[in-house]
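Chains as they are written, first to last, in the numbering used here: chain A, 2 to 360; chain B, 2 to 360; chain C, 98 to 180; chain D, 98 to 180; chain E, 44 to 287; chain F, 44 to 287; chain G, 647 to 833; chain H, 647 to 833.
Calculated from the structure, these hints are not laboratory results.
What you are looking at is a predicted structure, and each value in this text was computed from that prediction instead of being measured.
Quick reminder that beta carbons are idealized off the backbone N, C-alpha and C, glycines included.
Fair warning: there could be bad hints in the mix.
[Claimed, not checked] 20 Å max Cα-Cα, derived DMTMM-like pairs, lysine to aspartate or glutamate:
(1) B:Lys-206 to F:Asp-100
(2) G:Lys-736 to B:Glu-342
(3) E:Lys-275 to F:Asp-210
(4) B:Lys-231 to B:Glu-342
[Stated by the list, open to error] From the structure, some residues in chain E lie toward chain B, with a derived Cβ separation under 8 Å:
(5) Tyr-167
(6) Gly-171
(7) Thr-186
(8) His-194
(9) Gln-265
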Amino acid sequence: MGKKILLKGNEVMCEAAVQAGCRFFAGYPITPQNEVPEYMSKRMPQVDGVFVQAESELAAINMVFGASASGVRCMTSSSSPGISLKQEGISYIAGAELPCLIANVQRGGPGLGNIRASQADYFQAVKGGGHGDYRVIVLAPASVQEIYNLTMNAFDWADYYRNPVMLLGDGISGQMAEPVEIFPYKPIVDLPAKDYILDGCAGRKPRVVKTLVLKPTDGLVTHNEHLQEKYKRIENELSLYEEYQTADADIVIAAYGITARIAKGAVSLARKKGIAVGLIRPITLWPFPSDAFATAAQTTGQILTVEMSHGQFIEDVKLAVNGACPVEFLGKGGGWYPTEELILEKIESMAAATAKGNL
Amino acid sequence: MGKKILLKGNEVMCEAAVQAGCRFFAGYPITPQNEVPEYMSKRMPQVDGVFVQAESELAAINMVFGASASGVRCMTSSSSPGISLKQEGISYIAGAELPCLIANVQRGGPGLGNIRASQADYFQAVKGGGHGDYRVIVLAPASVQEIYNLTMNAFDWADYYRNPVMLLGDGISGQMAEPVEIFPYKPIVDLPAKDYILDGCAGRKPRVVKTLVLKPTDGLVTHNEHLQEKYKRIENELSLYEEYQTADADIVIAAYGITARIAKGAVSLARKKGIAVGLIRPITLWPFPSDAFATAAQTTGQILTVEMSHGQFIEDVKLAVNGACPVEFLGKGGGWYPTEELILEKIESMAAATAKGNL
Amino acid sequence: MNKVHFDKHRCKGCGMCVLFCPQKILRLSDELNDQGFSYPQVSDPDRCTACGLCFRMCPDCAIEVDKDGVKISDKKETTDLAK
Amino acid sequence: MNKVHFDKHRCKGCGMCVLFCPQKILRLSDELNDQGFSYPQVSDPDRCTACGLCFRMCPDCAIEVDKDGVKISDKKETTDLAK
Amino acid sequence: MPTLKRTEVLTDVRTHYCPGCGHGIAHRLVAEVIEELGIRERTIAIAPVGCAVLMYDYFNCDMTECAHGRPPAMATGIKRVQPDKIVFTYQGDGDLAAIGTAETIHAANRGENITVIFINNAIYGMTGGQMAPTTLTGMRSTTSQDGRGKHGEGPPLKVCELLRSLDGVCYLERTAVSTPKDVNAAKRAIKKAFQNQIDGKGFSLVEVLSMCPTDWKLSTAQSVDFVNNEMKEAFPLGVYKDKG
Amino acid sequence: MPTLKRTEVLTDVRTHYCPGCGHGIAHRLVAEVIEELGIRERTIAIAPVGCAVLMYDYFNCDMTECAHGRPPAMATGIKRVQPDKIVFTYQGDGDLAAIGTAETIHAANRGENITVIFINNAIYGMTGGQMAPTTLTGMRSTTSQDGRGKHGEGPPLKVCELLRSLDGVCYLERTAVSTPKDVNAAKRAIKKAFQNQIDGKGFSLVEVLSMCPTDWKLSTAQSVDFVNNEMKEAFPLGVYKDKG
Amino acid sequence: MDRHETRIIIAGFGGQGIVLIGNVIARAAVIEEKNVVGMVSYGAEMRGGTANATVVISDGEIFNPFVAHPDMAIILNQPSLDRFEPQIGKDGLVLMNTSMIKRGPQRTDLKCIKVDATQIAQKVGNLRVANIVSVGAFIEHTNLLSMSSIEQAIKDLFSSKNPKLVEINLEALHTGAERSRCMQPVR
Amino acid sequence: MDRHETRIIIAGFGGQGIVLIGNVIARAAVIEEKNVVGMVSYGAEMRGGTANATVVISDGEIFNPFVAHPDMAIILNQPSLDRFEPQIGKDGLVLMNTSMIKRGPQRTDLKCIKVDATQIAQKVGNLRVANIVSVGAFIEHTNLLSMSSIEQAIKDLFSSKNPKLVEINLEALHTGAERSRCMQPVR
Ligand SMILES: Cc1ncc(C[n+]2csc(CCOP(=O)(O)OP(=O)(O)O)c2C)c(N)n1
Ligand SMILES: Cc1ncc(C[n+]2csc(CCOP(=O)(O)OP(=O)(O)O)c2C)c(N)n1
Ligand code: SF4
Ligand code: SF4
Ligand code: SF4
Ligand code: SF4
Ligand code: SF4
Ligand code: SF4
Ligand SMILES: [Mg+2]
Ligand SMILES: [Mg+2]
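With the hints as extra help, turn the sequences into a complete structure.
Below, the structure written as structure tokens:
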């Protein structure tokens, strides 16, 4: 293992992108992700890449659209309100089946909200804030090292599936500094040739990148079916999660990202108190690791969902569980975060209720 | 009952808005809702209202933001890609707790897609395409008369709850003409005084409209809790649906909007064939009439969700049913629509499978 | 021999060529093409100077002009993406 | 009697007043206010012409200037929204 | 005089444009310029959302469609990573001067080395005749039924005049396709705008006043007159900037 | 000379601005003008997203915050339904000239009868010093670390020069707050911009060159010098348009 | 029609007044207090190309607003016949404008009414009323709606615009009805 | 500390080099191959107001990156002490810069190390190194990290920028340690 250095999540994401061959970045400043354009503005010229500070988030996502159509690995980054502005562009890129990385370092909402950490853009990321039936692969790292690793993977998956990938972080994961091992990039999948890119039609037929499908009349229906088949394939092939002490757990916590870290602390506290608690931490939010929860629901008594939002992630947990066991909730938005103690308290009350048969 | 006249859904929505006192409209052209700005550009000056053709959908939603802060009933309208562009603004307006009406005459996606009817913006409308934990009341009319009635109601609910309301139509409901009775507006709720509006601070303390909450440190948490309480209240008070022949139904169809009309036809076909089928048609998509489905799930054998999208609406049906009975799916995006015969076919295969005990 | 040739299948009967022919030798047909459009006919081919203005103003590339009056090609049927 | 009065609680010690006082009679204190900022002190009050330039350039409305040299008000503590 | 016929840079398909639509002429001019400059195999074109959205079916080169108003942003993405390619956008007045205002101005100001063909037909063609930013004062459209200017619409936006002040801009010319002379001038301007890009000179934009008989509800002849009389008065032709 | 003190149009709170920040001076000028014109009780102000986002805490009049860059659109909504009210926006260079470019230009072109106070500090203040559209050529920021212009950023965008060509615009003046004389001139300009609105003359914008010591990483004195020497050269002061 | 529901498609070139036909028929149905859903193909399809409109008329609740398999079709040009013929329901009725259609339907189950609408319109004095000529023939050969409702619909539509238009359209309507009266639908 | 985990907060005015303190401590922890999470209060809070940073150092996996109840606090000015005192964990340790803090903690459970950091820095020759003076005192009075790791961290941080800075900061570090050596933490 290499030497570890202390870096912020936002910086590590950038360096991972550069290592993975990202050579185009377009973005617009917004707290708490400003380290990203700042780092990229310096780093991109060093590797003969392109950094553009766009006039807006809209322009940024459409610049990325162009860069991706050109075949280069590319990304944009923003935080909640800025990500809302990118929704039309994301729908286009997904529809055109182009790869790119979009980072959302979430902050408190709605509206201008504040700049504290939040997980309240879950629906937007996972269900799709843009129009139409499209899907974006959503990754939720819980540590700076994982930001490094997943960012690299993100580019591979984006290319492999020709699909946008979103790295869904938050103000904390972006701002916190942890020791991280920077290792060289190696693709984790066999990358297909980019036979769709626009680089001038020398020696071949002209190519078209588009999302409008007028002909035949049901062309767009067919295109959507094609997309859905791809999404099914991704669901089958790509679903990552961490399971922690679930084997004997009477209560399983469902949590992702920063929240899952704290939940892990709560698991330890609870175990010390003799309550058998485990944790399932989805790493991919889409595809959602439904099977993990469905399986856990067969053996555990109840599930507790913890999120830094008012009941978004819990819907996917409930859909996975499908009534097989009760799913409790702990969460708030606007910059609130749970402590180990708060989670423990909730667990204790759940355990007590069960003991009383009072579900 | 008054005389009926033949009007398009899009026109009827406008006239209902005017009748209900809407005096500000800002929008940007997009098919299939162009009748809306066209009608409003003519009609607004006639009633001393304001019509602004905005430079973009972004500008339009923010003009509405301003008009609403001024206390006037106001609306904007667009179709799928344009609605994606409004997501940041919607999040702001919801965060600032201002009333307004947003119409989405959905078309095929993702990206530019096509201009046929679609229901693939369900997630965006119901889960929230913008950032943060906010909710928009979503109404799904199934006939031109219902467009008239619900549009009027929409303004009342918007004012009553100080919340944006979305009318979620599609290319068909907007474009089809049906006989409609135009009756005068009468509020359906006791409308509270608009004591938050900005009209100059003569004789009172200055007011502020905002979504940024920095002080105290957990001010945004409190604001979110306040919003959630309101949303809970709306969920308790406002949940509309039509139930059709469900009492004895072995199979209940779940469908909304135009799809539900066709499903109703399928119910008749099925009944003729001796299959006991019913229909639950949510009229409010948020709040979702979960109880209706939960109750139906207790007595019916299975539920069939039909939607003009690839499995969005079905998630809310499943969440409501919570595993109590199987939920089957029929749907596609991109301009596809179901026929009565297609739905019947699906129902017959479901009925046959049940008969064989082969669920 | 004509110096100007019209592709009646591409033509949309807009009349731009008629409008701008300095010799005023073009008129639109009474017949319609398969798209329902009239198309131009040359009333007096000899007066055509092959000036090319009709070509220049045609929005639909439905005209070919050749100084030597050679018919350039027997056009194959035009692919119709717009149908 | 001073013609210029500084609200040391509003002051952020930016030194604009010092920079622009044509009489050069202002300097920043060694003391810090409760926000950790130096604030201006008048070295030679009599030379103050009540020209108002310090007031004009102060970004924080921390200065009052009065030609008659009347102390305008005993300032109550400033509400601090920014804390 | 050589044979005049459709260049191979245009595909052999019938377009969806209405009879007498100026887009067809503008297409031909752009295609001929591409042919004459011999750059077809290194050209990447960006279609707008507007009547010209389907131009990817009509041009024999690499093409992409784009979100409404964003072609200059997309062009920036393409050109920056492929500086040796020739990148052009083709945009209507709604696309370029309404929803895409910010993208247009900032690509221009950055001096992106791209070519913009701007079709000004004073109307939203594709959506059926709503008011465009360039609709003339007093002109009726489906959303300015009393004539523009009666209800606070403001005067028409003049793009060349607006962009002229930007230091990043290399070349601006306003042309028309409503007379043979104008067509020739438009072609010269378009050629220059592409040549500028080949020479690395930066942002070049050619505005083309263009007929929309359908949404103007005018005949071909009336449309031509409308451009020649009304539009040219509101939008004077000529070179607005030429850095050389 | 009367007593010089804080106008009651400003609330009695300490602002969050950094020491030496030009926003404070600009606030005072706007507030004094509102007081002098006696319009506080019919004024509705729109705060930007930028360092001035909290100005709703500082002004004693009805106020709203707005999405980043959209104040002119919001102002349009407010003013159109309340034409008798005085509506002004207060915007930074990022807000007005980057993300809000389209809203600025179109409100200006429609000739909305509003007043825009445009604080040009050549930087994104609130987000910590990134390049703004108005950052000077060669100037370093956290996203132009080699100095603007090295990597295709283009030259600074000059807002008054850009808007000048729009027929809908009534009044444009560029001022500064870096000397007492400039401050006086700025106040006169701001007063005129409000008076224009009262008189129904249409869109008025006053640009204010303003210090940002924090993100420029300069002392107060250096910041003042920077405005007086560098910024005024790139952005010449003066009246850019005055329809009278 | 055991559901007492009739699904109609009207198709032709863009300029032939297709939308108006749909409008007249639908409004006549409203006058007769029937349920009706009318719809027009909209948007960005080729301009100047084919246009179409659909009308569903029913005594009961109309479930499906789409007309996938029309019972009746009014077809004003060749490309529209080629396009819609396969979709028409079994034993359906086609009214075709023979001025613009050289090649009739290939299917043998269809009832076919032929009317030289364009030519008749020319005689009435205005080429543009060929659409209303077709309506006249259509109403004459179906017992879907009464001629007087159609007349009323035409009056409602045109009187506010130009009273002369009412006249010429009524004339077109009646001429269309008369000229087709003697013809028997052919199978 | 049975979890072998220490949660630290550092707070003071914006200009006092709070971030640097956090950085030095966190980097020293990395040098000692401990787990560490560092964080800085970011963004739009009042500029020139109070700033703070947190560091969590642990032998095991660090679960919670937030520091709600610090075990140790380095406090450089009065407003920060007022703000954070209530949040410090029971029996926690406070290092306070007495040059800027007149009113000490009210709580009696806190261990308190007082150092006249600003004054000492002035003597070292640079007011700006008061932050590192505080670090010296802090390390002297805790056995959290070794002085040599801190020295290394300072070298890593400054050597690329300006070698002279390394010198003066090391001097500040050692002077801070020395001057506080004789003092006993007061309860
Ligand atoms: C985000 C978005 N808004 C609106 C539309 C609808 N739309 C399609 S084309 C168009 C405008 C076309 O006008 P113009 O750009 O002038 O091009 P023209 O058709 O006149 O050539 C609009 C508003 C869209 N597709 N996407
Ligand atoms: C949609 C969106 N994008 C970005 C931001 C982040 N943001 C906040 S203020 C600001 C720019 C501030 O710069 P400027 O407008 O020049 O104002 P200043 O702070 O310099 O006064 C940005 C980009 C945001 N809040 N919302
Ligand atoms: S080439 Fe010239 S003369 Fe000949 S038909 Fe064309 S326009 Fe007329
Ligand atoms: S200009 Fe072209 S399209 Fe128009 S009538 Fe002449 S040949 Fe036909
Ligand atoms: S009023 Fe004039 S002379 Fe007096 S302190 Fe202020 S600037 Fe100096
Ligand atoms: S100008 Fe104002 S804030 Fe600045 S030092 Fe002087 S009194 Fe203080
Ligand atoms: S609508 Fe206008 S711009 Fe569009 S194709 Fe027709 S004539 Fe051309
Ligand atoms: S960052 Fe700049 S603009 Fe913002 S408050 Fe500080 S000095 Fe003023
Ligand atoms: Mg146009
Ligand atoms: Mg700024």
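Hints and how they fare:
no.: 1; hint: B:Lys-206 to F:Asp-100; result: holds, 13 Å
no.: 2; hint: G:Lys-736 to B:Glu-342; result: holds, 16 Å
no.: 3; hint: E:Lys-275 to F:Asp-210; result: holds, 17 Å
no.: 4; hint: B:Lys-231 to B:Glu-342; result: violated, 43 Å
no.: 5; hint: Tyr-167; result: holds, 5 Å
no.: 6; hint: Gly-171; result: holds, 6 Å
no.: 7; hint: Thr-186; result: holds, 4 Å
no.: 8; hint: His-194; result: holds, 6 Å
no.: 9; hint: Gln-265; result: violated, 23 Å
In summary, the numbered hints that this structure violates are 4, 9.
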